[in-house]
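Peer 1: Listed below, chain by chain, are the residues.
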Amino acid sequence: MSSLSYAAPSSVDEAVKLLAGSSGLAKVLSGGTDLLVQMRAGRLKPALIVDVKKVPGAIGMQKSASGWVIGASTPGAVVEANAELKADWPGLVEALDLIGSTQVQGRCSLAGNLCNASPAADSVPAMYAAGAICVVVGPNGKREVPVEQIPAGPGRTNLAAGEFILEIKLPARQARSGDAYLRFIPRTEMDIAVVGCGVNVTLDANGVCTAARVSLGAVAPTVLLVDDCAKALVGNKLDDATLAKLDAAAQAACKPINDKRGTVEFRTKIAGVLARRTAAIAFDRAMGKSTAKAH
Amino acid sequence: MPTVVLSSGSSMQALTGGQTEFEVEATTFRRLVLELEQRFPGLGKQVEEGMAVAIDGEIFQDAYGVELRPGSEIVLIPKIGGG
Amino acid sequence: MAKQYVSTTINGEPTEFLCETQQTMLDVLRDVIGLTGAKEGCASGDCGACSIQVDGRLVCSCLMLGVEAEGTSITTVEGVAQGDKLHPVQQKFLEHAALQCGFCTPGLIVAAKALLEENPNPTETEARYWLAGNLCRCTGYDKIIRAVMDAAAVMRGEAA
Amino acid sequence: MNYIDSNLKVVGTRPLRPDGVDKVTGRAMYSADTRAAGMLWGKILRSPHAHARIVKIDTSKAAALPGVKAIVTGADFPDIPNEEAFVGEGPMNFRDLARNVIARDKVLYEGHAVAAVAATSSAIAEEAAALIDVTYDILPHVIDVEAAMADNAPILHEDMFTVGVDPKPTKPSNIAKVIRFKKGDIDAGFAAADVVFEGRYTTQPVHQAYIEPHACLATANADGQVTIFASSQGHFMIRAYVAKLLAMDMSNIRVNPAEIGGGFGGKTLIYIEPVAVRLSQKSGKPVKIQMTREEVFRGTGPTSGAVVEVKLGAKKDGTIVAASQVLKFQAGAFQGSPVGPGAMCGFALYDIENIDVLGYDVVSNRPKVAAYRAPGAPITSFGVESALDDLAAKLGMCPLSLRVKNAAKNGTKTHYGPTHANIGFEQVLAVAAKHPHWTSPLKAGHGRGIACGFWFNIGGESTATVHINEDGSVTVATGSPDIGGSRASMGMMVAEVLGIPVDKVRTTIADTASIGFTHLTGGSRVTFATGMAATQAAERVVGELKKRAAMIWEISPDAVEWKDGAAYPAGTNAGQFEPLDLATLALRAARTGGPVNAEVSVNAQGAGAGFGAHICDVSVDKETGHVTIERYTAIQDVGKAIHPSYVEGQIQGGATQGIGWALNEEYIYNDKGQLENPGFLDYRCPVASDVPMIEAVLVEVPNPRHPFGVRGVGEVPIVPPMAAIANAIKGATSIRMPDLPMSPPRLRAAIDKAG
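Residue numbers (the working numbering), protein chains in the order written: chain A, 162 to 456; chain B, 19 to 101; chain C, 29 to 188; chain D, 123 to 877.
Since the hints were made in silico from the structure, they are not lab data.
Keep in mind that the hints are not guaranteed to be accurate.
To be verified - Quick list of the computed label-pair ranges, beta carbon to beta carbon:
(1) L46/C <-> Q223/A: 37 to 43 Å
(2) R49/B <-> A310/D: 47 to 53 Å
(3) L130/D <-> T43/C: 47 to 53 Å
(4) P42/C <-> A322/A: 35 to 41 Å
(5) L46/C <-> P188/D: 17 to 23 Å
(6) V425/A <-> E205/D: 47 to 53 Å
(7) D112/C <-> V306/A: 52 to 58 Å
(8) G36/B <-> G533/D: 28 to 34 Å
Heads up, the beta-carbon is just placed ideally off N, CA and C, and yes, glycines get one too.
Sequences and hints are given; from them, build the entire structure.
Peer 2: Written out as structure tokens, the structure is:
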């Protein structure tokens, strides 16, 4: 029998020691909704599982003048229940809410979704767009890393041995700004994104975009932060010309593959479609228009 | 005399030498099967095990007892299963 | 590797068990404790037949390790009825014929119960999205949704 | 006796199902829930290759693993001779079945079982299976049906020569069989047509996707007797197949029908039971085998994918004068696709003078197909019902009017032989024409489609027993696994005949040692055939009860009549007696001749054919190709609905499976012939948020061959949806989608192509 050990440390140091000290493969368990599936399928055979949910800071949310600090292992269902966070970052919250089923929402976490390092992860493009910062803890202490520097490729992260993500920081919400995330799936629920798109914008009083971050998921080995899409928005209102430029920039940024979930051609076209639709929601939100939850 | 019609192109034509329609002296389906077997060795067995029969329009899957009238039309069709 | 000792509460009963680390909570419920109400339809979180509540929250027991049950309070389909009194969701599933083969039913009962605890007055759309993680291949969902909406009305005291 | 026009008290009502509480509280026992002392866990090793010769199987490493108690390979099973018989849901070649259960010299698809292990835990069994070292000689494979028909295609079976062609072929082929049905003179028919429409359509294999994976528990005793707990559509089928494949006496096999978690045709075959029995025989311990979902997709049968070519010819007035079809059906690795019924069903709905249908049964390196709801009919009807829509457009006719004009009626002779009798197709179409869904204005941007479906329905062998308990309550037992509420309908028919409340009647499913042979739960036969047996058993009991009353009253049994659950003197000259109710007669049974019960076995004939019409509204997101089903109505002739809720449930469930078939369900293979989506994540069955309420409209044209007028209802509802949705998409986009699934990438590509 392959032996697998489990620990649920109650401090960062303890968790880091366990992860760094493991002879065999050590995996962090936060939500487990990807880890357990991969273990079951035999794709992962860890020697040690470190359940970090009992580590102080891993679960919970705090708002301060400098923004939000979200425990990286907080279950989606708990994050979504925070009305204040939803008001500040509706796109990110909705993106997290799109991961899997209600059952999966009871477990899945921002850190898990990010460190599973799937280019199709729903919450990751939204975190890219939001400019989220990851608080990484490890043998060499704490460091803060921009979210887009975490994924290295499909299933691979840039975290060093013994490191894990304790918290996710979101900047304070500026006036006249808003974010949104949309994904395309064949059904209405339960599918992996064929394409995902996150948009976060700040507008001036006239509705002209002054700052923008646009991300695309499932169109490249990692989630993309697409500067050309941001450039297409900044300095413009969301008129047809801007939308057309945005669509073109999104399509141009795609480097997708053909797989069981979509073709190169389809993914590329949908990236443009989603960029337009997501931007429209983000602009509305920045202008304070109420927008219904995008199922 | 009842007339037997093979669904054309069915695998049984091999056994009847291509014949698809012929008359058989029989008053019950059981007798028909025996007659067919005698006339075209193998056919009776196949009709019994692999075929359903439509007698004057109605399908019977297993129908030894069913009476055949003179002039009855007997169509041999594949058995029907279902989900 | 020695088995793990876990102390938890299942359907209100203090419960202790030993399990292998890799055993999921579904494996533990079915093969260690003998509560076979939760079903394995996929073991990948895609069908919801293994749904349980952990500290009130709906989860797939196939996506949770048995060892994670330590110190939690777990509700399975066996714990939904109070004594001989069926939960309104169970009663309405029967009245609306919201089950055929019944295999997905335990998961749906638990998921619907969790829905109505969180949202006593769901719209049909909200109910359909909440239950999207519970596959049913027999019914086409029509009678399931009717049963859940009716149970919600009963629990709100608006219907019998 | 016939109750069709009598005033019914129980039949047609909606009582709670007797097994309901067990199923909403998690108590119902499915085979995966069964346990036995000292039980071992079995695990099957499956081929990673689509087509390969097995050179060598080395089990030594696995055998050495602590906890491993038995290992079997093909060599541990009898080599079954090539023999065909009709058992279960279709002609069954037992050599093929045996080699599908466990491969012998060759593996014919990825997922084909090659060996199995029994160990003290499932984890050990899994580890041991991985340690079995199989040496393969990989052969070229073929997945696509037309590629498999090509001259240069890799041959799966060197000894398979196409049957049904003249002259007899001299070289082996993947085309197992060619069938042809003809009526009239097809060339003359097309020559006489004013308008001709031709279309080519393709469908994907789709899995029944029952939520319960296959599972069984087998215990073999030293004396050769075997007990099996299994979830299946027929425990007698399991007994028959296990006996055949292991060369055992049926009397030595007892199969207990565990609850079944869905089948839809997919549990009319065996996969794991003979393996579990052999492992139990070798280890001397009970062995449980439980498939994973991945094994279900890789190793068990979907229905055929197919190519369907349709040609229709009509007069200007819409009279269809000629119709031809070419059907190329995937059978999977072994022959036996449902091309036969497929060839019969497509045109069975219409009264057409000249018909020619050609069908091919083709093997390729995929899992052997299994039955799936109305096997073959949905495939053939997707083509025919799509073509009818385009023909209607060409004729400038309403698609429903075109169907009404050509609808089969009583007396219509089908192209496969039978003449329709007592059918309700015209009534169904009349209801459709008047239905508010059909007559309501279409919302902007929506498209509306209609399509129809047919299924023969079947009867066959069934047994039922009715026991009058000592207190006058009633126990009914049948041999038909309850897959969708049949315990309720059986109890209702018996209660109706006995004239007692339905809650006085409890229905159980008896094991193979406890009741007479009963054919599968499938083909929509249970309420018809088993219901007939239960009704007749109840009637025999009534006859006996009248005798007992006559004995008590000292009058002739003919002078006793039975009504409202009691014996009454028939008329005044029979004498003045207080009625004797069931409880009283039951109490006195010992003194009047002993327990009162009856067992009746029937081989029911005359199952009434079923017809349905589905109306569907869709909206299409033209930028993404995503289709939303906005409204769905399914109208069907059900004969007589015993329990209307469960009849509606059959229709709603079948329609929803059809929606999945139409929009997203497919098998995705890589170039090695390996399945890439063997799970519910990427094999996309409809979820609750994908579908609207499905309105089921029950039309009741009684079937005179059944005491209550029942005709099967479970098969028809999956036939129309694919074409109904395709026709609705055409309405919304002006684009004809001839290929399933009509998934977003395909629809978006078609929209772009159309410009």
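Peer 1: Please go over all the hints and tell whether each is borne out by the structure.
Peer 2: Evaluation of the provided hints:
no. : hint                          : verdict
1   : L46/C <-> Q223/A: 37 to 43 Å  : holds, 38 Å
2   : R49/B <-> A310/D: 47 to 53 Å  : violated, 37 Å
3   : L130/D <-> T43/C: 47 to 53 Å  : holds, 50 Å
4   : P42/C <-> A322/A: 35 to 41 Å  : holds, 40 Å
5   : L46/C <-> P188/D: 17 to 23 Å  : holds, 19 Å
6   : V425/A <-> E205/D: 47 to 53 Å : holds, 50 Å
7   : D112/C <-> V306/A: 52 to 58 Å : holds, 57 Å
8   : G36/B <-> G533/D: 28 to 34 Å  : holds, 31 Å
This entry does not satisfy hint 2, going by the numbered hints stated previously; all others are met.
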